[in-house]
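Residue numbers (our numbering), protein chains in the order written: chain V, 1 to 114; chain L, 1 to 119.
Warning: the hint list may mix true and false statements.
Said to hold, decoys possible - DSS-like mimics (lysine-lysine), calculated; alpha carbons at most 30 Å apart, straight line: (1) K40/L with K9/L; (2) K40/L with K71/V; (3) K56/V with K94/V; (4) K5/V with K36/L; (5) K109/V with K9/L; (6) K109/V with K67/L; (7) K56/V with K44/L; (8) K5/V with K40/L; (9) K5/V with K56/V; (10) K41/L with K67/L; (11) K68/V with K44/L; (12) K41/L with K56/V.
Note that these hints are calculated values from the structure, not bench results.
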Amino acid sequence: DQQVKQNSPSLSVQEGRISILNCDYTNSMFDYFLWYKKYPAEGPTFLISISSIKDKNEDGRFTVFLNKSAKHLSLHIVPSQPGDSAVYFCAASKYGGSQGNLIFGKGTKLSVKP
Amino acid sequence: DTAVSQTPKYLVTQMGNDKSIKCEQNLGHDTMYWYKQDSKKFLKIMFSYNNKELIINETVPNRFSPKSPDKAHLNLHINSLELGDSAVYFCASSQVMLAGGTSSYNEQFFGPGTRLTVL
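Just chain V, with the same shape it has in the complex:
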């Protein structure tokens, strides 16, 4: 039973355009969400996070939007660069629950073409 879903296994975007990666979750107890980026043969690298008390968090070219009523979050990358090509994982967790128990989606492979 997948509690965190990334329904698009891959996404291809032209350099300079916006990349939008989507994530849906089913557990309404989740209140902390993270995006990780992963290059081949490396471990995931933290990118950006958002608490459920917010609906938007921005860090440079990366913005995460959270729609709690829809149980949906998205990661926007503007402008996209070839170096952004990687697999992006969405993850969710609960404060006060098992410490650090992150539930990951299956990932979306982003390809940014020059």
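Chain V is fixed; fit chain L onto it per the hints.
Same frame as chain V, now just chain L:
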């Protein structure tokens, strides 16, 4: 300057063998984790240790035994390896903060992974 390191990076072994994967973090974090990424690419938590104490054990077979000699190290020992154990294993660490009796934590930092292949 590696924050979370794992050894070995690749491990190929026969069914029935016992093997260990080591993990070390130099971030001063008090919580460490082991994740398994299977062939379907799902990253699933296996164990979590906070200050050398087991916090999470996600229904992992008892052939898997984590050991934390100190809070900078969390090693994973696997007995009687099976074909289904083939996967990439990631170690991670984070700093857990307590506020008003409720745990909260920062993002987890991952190691580069150990690709285990059981023949």
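Evaluation of the provided hints:
| no. | hint | result |
| --- | --- | --- |
| 1 | K40/L with K9/L | 20 Å, holds |
| 2 | K40/L with K71/V | 24 Å, holds |
| 3 | K56/V with K94/V | 18 Å, holds |
| 4 | K5/V with K36/L | 18 Å, holds |
| 5 | K109/V with K9/L | 23 Å, holds |
| 6 | K109/V with K67/L | 34 Å, violated |
| 7 | K56/V with K44/L | 27 Å, holds |
| 8 | K5/V with K40/L | 13 Å, holds |
| 9 | K5/V with K56/V | 20 Å, holds |
| 10 | K41/L with K67/L | 25 Å, holds |
| 11 | K68/V with K44/L | 24 Å, holds |
| 12 | K41/L with K56/V | 28 Å, holds |
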